[in-house]
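Chemist: Got chain A sorted already, so can you dock chain B onto it with the hints?
2 protein chains.
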Amino acid sequence: MQEIVLEKISGYSIDFNSLLEKEIIVKGMIQNLRILSWGAFLILRTPEYTIQTIIDKDTISVPPEQLMVESAVAVRGIIKKANIKDKALYPRDFEIHVKEITVISTPAYEVLPVDTTKKEMVVHLDKKFDLRPLTLRHPRERAVFKIAAAICNEFGNYLSSTGFTRICSPKINSTGAEGGANIFKLDYFGREAFLAQSPQFYKQIMVGVYGRVFEIGPVFRAEKHATSRHLNEYVSLDFEMGFIESFMDLIKVEANTLNAIFERIEKDCGNEIELLDMKVPKIERIVTVPFDEVHEIVYKKYNKDYRGETDLAPEEEKLISEYGENEWNTEFIFVTHYPSSKRPFYTMDDPEHPEKTLSFDLIFRNLEITTGGQRLHLYSDYMNKMKKLSMNIETFQSYLQAFQSGMPPHGGLGLGLERLTAQICGLSNVKEASLFPRDINRLEP
Amino acid sequence: MQEIVLEKISGYSIDFNSLLEKEIIVKGMIQNLRILSWGAFLILRTPEYTIQTIIDKDTISVPPEQLMVESAVAVRGIIKKANIKDKALYPRDFEIHVKEITVISTPAYEVLPVDTTKKEMVVHLDKKFDLRPLTLRHPRERAVFKIAAAICNEFGNYLSSTGFTRICSPKINSTGAEGGANIFKLDYFGREAFLAQSPQFYKQIMVGVYGRVFEIGPVFRAEKHATSRHLNEYVSLDFEMGFIESFMDLIKVEANTLNAIFERIEKDCGNEIELLDMKVPKIERIVTVPFDEVHEIVYKKYNKDYRGETDLAPEEEKLISEYGENEWNTEFIFVTHYPSSKRPFYTMDDPEHPEKTLSFDLIFRNLEITTGGQRLHLYSDYMNKMKKLSMNIETFQSYLQAFQSGMPPHGGLGLGLERLTAQICGLSNVKEASLFPRDINRLEP
Numbered sequence: 073m074q075e076i077v078l079e080k081i082s083g084y085s086i087d088f089n090s091l092l093e094k095e096i097i098v099k100g101m102i103q104n105l106r107i108l109s110w111g112a113f114l115i116l117r118t119p120e121y122t123i124q125t126i127i128d129k130d131t132i133s134v135p136p137e138q139l140m141v142e143s144a145v146a147v148r149g150i151i152k153k154a155n156i157k158d159k160a161l162y163p164r165d166f167e168i169h170v171k172e173i174t175v176i177s178t179p180a181y182e183v184l185p186v187d188t189t190k191k192e193m194v195v196h197l198d199k200k201f202d203l204r205p206l207t208l209r210h211p212r213e214r215a216v217f218k219i220a221a222a223i224c225n226e227f228g229n230y231l232s233s234t235g236f237t238r239i240c241s242p243k244i245n246s247t248g249a250e251g252g253a254n255i256f257k258l259d260y261f262g263r264e265a266f267l268a269q270s271p272q273f274y275k276q277i278m279v280g281v282y283g284r285v286f287e288i289g290p291v292f293r294a295e296k297h298a299t300s301r302h303l304n305e306y307v308s309l310d311f312e313m314g315f316i317e318s319f320m321d322l323i324k325v326e327a328n329t330l331n332a333i334f335e336r337i338e339k340d341c342g343n344e345i346e347l348l349d350m351k352v353p354k355i356e357r358i359v360t361v362p363f364d365e366v367h368e369i370v371y372k373k374y375n376k377d378y379r380g381e382t383d384l385a386p387e388e389e390k391l392i393s394e395y396g397e398n399e400w401n402t403e404f405i406f407v408t409h410y411p412s413s414k415r416p417f418y419t420m421d422d423p424e425h426p427e428k429t430l431s432f433d434l435i436f437r438n439l440e441i442t443t444g445g446q447r448l449h450l451y452s453d454y455m456n457k458m459k460k461l462s463m464n465i466e467t468f469q470s471y472l473q474a475f476q477s478g479m480p481p482h483g484g485l486g487l488g489l490e491r492l493t494a495q496i497c498g499l500s501n502v503k504e505a506s507l508f509p510r511d512i513n514r515l516e517p
Numbered sequence: 073m074q075e076i077v078l079e080k081i082s083g084y085s086i087d088f089n090s091l092l093e094k095e096i097i098v099k100g101m102i103q104n105l106r107i108l109s110w111g112a113f114l115i116l117r118t119p120e121y122t123i124q125t126i127i128d129k130d131t132i133s134v135p136p137e138q139l140m141v142e143s144a145v146a147v148r149g150i151i152k153k154a155n156i157k158d159k160a161l162y163p164r165d166f167e168i169h170v171k172e173i174t175v176i177s178t179p180a181y182e183v184l185p186v187d188t189t190k191k192e193m194v195v196h197l198d199k200k201f202d203l204r205p206l207t208l209r210h211p212r213e214r215a216v217f218k219i220a221a222a223i224c225n226e227f228g229n230y231l232s233s234t235g236f237t238r239i240c241s242p243k244i245n246s247t248g249a250e251g252g253a254n255i256f257k258l259d260y261f262g263r264e265a266f267l268a269q270s271p272q273f274y275k276q277i278m279v280g281v282y283g284r285v286f287e288i289g290p291v292f293r294a295e296k297h298a299t300s301r302h303l304n305e306y307v308s309l310d311f312e313m314g315f316i317e318s319f320m321d322l323i324k325v326e327a328n329t330l331n332a333i334f335e336r337i338e339k340d341c342g343n344e345i346e347l348l349d350m351k352v353p354k355i356e357r358i359v360t361v362p363f364d365e366v367h368e369i370v371y372k373k374y375n376k377d378y379r380g381e382t383d384l385a386p387e388e389e390k391l392i393s394e395y396g397e398n399e400w401n402t403e404f405i406f407v408t409h410y411p412s413s414k415r416p417f418y419t420m421d422d423p424e425h426p427e428k429t430l431s432f433d434l435i436f437r438n439l440e441i442t443t444g445g446q447r448l449h450l451y452s453d454y455m456n457k458m459k460k461l462s463m464n465i466e467t468f469q470s471y472l473q474a475f476q477s478g479m480p481p482h483g484g485l486g487l488g489l490e491r492l493t494a495q496i497c498g499l500s501n502v503k504e505a506s507l508f509p510r511d512i513n514r515l516e517p
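Protein sequence lines, in the order shown, are assigned to chains A and B. Using my numbering, you'd call the opening residue of the first sequence number 73 and step up by one each time. Using my numbering, you'd call the opening residue of the second sequence number 73 and step up by one each time.
The shape of chain A in the complex, shown without the other chains:
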């Protein structure tokens, strides 16, 4: 048995101001290396910083030519004031004048298969994904997933602060929540099981327990199309809440949550905002448009006739976004009252117009990022709806217990993390907002 004192471990934050002109040792990976006649600029990547270090070739024992991008090194040097322009660097007002470099490890590649030192990587999307372990080290890629992390963290923290309880629901399910054929099957000890298309049933059940719940977790859709809008596995930010007056309560909670996320990004991700040249949005007021009206606007203003279609076409999402920016001065359009025929069985129909639902999508910068709505909450309503749709009620028995046990009026929504990240960061393909995207052709890395 050995016993040691518990201490905090260091190596993350540096108080540059108080260490000015003093010597420090920093460990990190070589992000970039520019060799010049007198020595080199070596950019060091640590968990918090991407900092410039300056090497005078006469003062260090390792010649700069023997250093290599993506080597792990320990740098000993003096902190100096600096005035750096490169937006990929942080901090930009300090640098380190190197006295000694120790190489800890080097890449096995003789030449890295992609040059990650250029401002933009010149690489085809497929190769970028094939080589994720390397290409994710590029500053722009790292910035994207710092934004994604901030979204996840704040989604949880904001909702926790307003009475929502975090839940973790199972991803191996005995039934599909969203219906349709887009579901992955697996063998579960001899039984047929399914991967969760959404945490829908579980978050409803948990509204009966806690009243307000949220979940951050993977969902799986066996959709066969390979588009810039789809992933076969993505991260869903879900919440569900009881005692709503109408689905407008859900829209309000979503708008407040998104604003909290945007404020968090403004506060914590200044470097990423600059590097990606991001325009961080803000929801000033809530704009809702009925589904049918979107068809009408697109027809009248853009002469595209989708009237009668039971869903919005991607083109319509783009056009209504353009219209919203121009005519309503908003980037956020809540499209309401989707047709009942296109919404899952648990959706509440509008009592005044039963062919429409008390549901909504949120369209943000040309793309639907949320589907939500009020749910049925009475057992008898489920019975009627499921019989009408000729569903096998037996299969849903354990879910239906929630309604047999009593449930308040409730609703909720799912927000796609990758779609939100992509739209905030200005990426044209949602796959670029997934660390390791899964599509019909891609299961690796």
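Treat each hint with caution, since some may be false.
Sample of chain B residues at the chain A side, in silico, Cβ under 7 angstroms [as the list claims (entries may be wrong)]:
#	residue
1	TYR84
2	ALA144
3	THR234
4	SER246
5	TYR260
6	ALA327
7	TYR451
Take a look, some chain A residues computed to stay more than 12 angstroms from chain B by CB distance [as the list claims (entries may be wrong)]:
#	residue
8	LEU92
9	THR131
10	THR299
11	GLY342
12	VAL352
13	GLU427
14	MET463
15	GLY498
In short, the hints are calculated from the structure, not lab data. A virtual CB, placed ideally from N, CA and C, is assigned to each residue, including glycine.
Modeler: Okay, now just chain B, sitting in the frame of chain A:
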């Protein structure tokens, strides 16, 4: 198009002190109802409170006999000071004297299949799980998963505050990370795919990107045993960090993280602590014991001979916990240097004793809750190890890119949320710390 002002939505926190003797409306579910000659005590469950309301039968229009446990109601009444003893209630220094009750919805069951109003539910474990939508509404069950939520939240927040970046890695994988046959298979568009046994490969890849990363997500183990220690799907709290000096750095980070979690529980979960009669632990100092020494202690002290076994038996985990409490005054025992033959290929062997690894488990109150260790970080070391183990290197090509691209010395660990929750809350079966447990016999609810 409709436009509304964005406002915060209310209905969560109540400022009881400033509303004393004033009228409020509170919506919630009836947690309990005790009918007496003069009226009733009605316990109302809201997202934040489980509050006592007092009904005088002469002043309300709905007779108490027509109310039902697990109905959703709106209560209008006056806030009064109170002095309540029942630990399942919160607050206990205020109550509501009811003027009016409106029933919003009622259960469909005529009699609830389990009585959730008793201090302890009298129900067999299997039935408790079968009826989760109802049984989770019991105060003790709700307390357990409030603790689980606090653990998840603080794990993320503490690590974020010390330079760790949250990642979300895919759960549909092309290879298994942990080896062995305990892996779920699925058909992925005609290809064989696997459910993630752990985020191991991805968090290592991401150390190359961010230096320090964490993930909170489901993992899947197709283990065929049905014990009180196993789940086939559980939530893994993972971190991985670069530039470690040794695995002691990982142990320090884990101890600090656990202490942050324990402090958060103390701070935010006072009611749950009282209700579950929890003893919230604290790691005062780090106690490590080599694997072989555990065998020796168990043999010498308890006369049980497991020497030569390459893993610890559940009985040994119990005995060494007992020993640790008595002899070392700690509930946390870091068992180090597990045999190489029982650790996955990516584990770093001890250079001085290659049959042992630079790895550890954490045993807390009789149960292993963590496995961690230093990993190989040189591509050449992976090549040698994988050849030695006759592994198919081709299969791991995309993972191995990380090491070809250069990696710092690193390591990490996985902490089982359900196991940690169960041990903190004093539950005898880890399944009781899973909202919807999955085992060889259970896929529902």
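Chemist: Each hint needs a verdict: does it hold in this structure or not?
Modeler: Here is what the structure says about each hint:
{"no.": "1", "hint": "TYR84", "verdict": "holds, 4 angstroms"}
{"no.": "2", "hint": "ALA144", "verdict": "holds, 4 angstroms"}
{"no.": "3", "hint": "THR234", "verdict": "holds, 6 angstroms"}
{"no.": "4", "hint": "SER246", "verdict": "holds, 5 angstroms"}
{"no.": "5", "hint": "TYR260", "verdict": "holds, 6 angstroms"}
{"no.": "6", "hint": "ALA327", "verdict": "holds, 5 angstroms"}
{"no.": "7", "hint": "TYR451", "verdict": "holds, 4 angstroms"}
{"no.": "8", "hint": "LEU92", "verdict": "holds, 22 angstroms"}
{"no.": "9", "hint": "THR131", "verdict": "holds, 24 angstroms"}
{"no.": "10", "hint": "THR299", "verdict": "holds, 15 angstroms"}
{"no.": "11", "hint": "GLY342", "verdict": "holds, 16 angstroms"}
{"no.": "12", "hint": "VAL352", "verdict": "holds, 17 angstroms"}
{"no.": "13", "hint": "GLU427", "verdict": "holds, 20 angstroms"}
{"no.": "14", "hint": "MET463", "verdict": "holds, 17 angstroms"}
{"no.": "15", "hint": "GLY498", "verdict": "holds, 20 angstroms"}
Going through the hint list in order, the structure satisfies each hint without exception.
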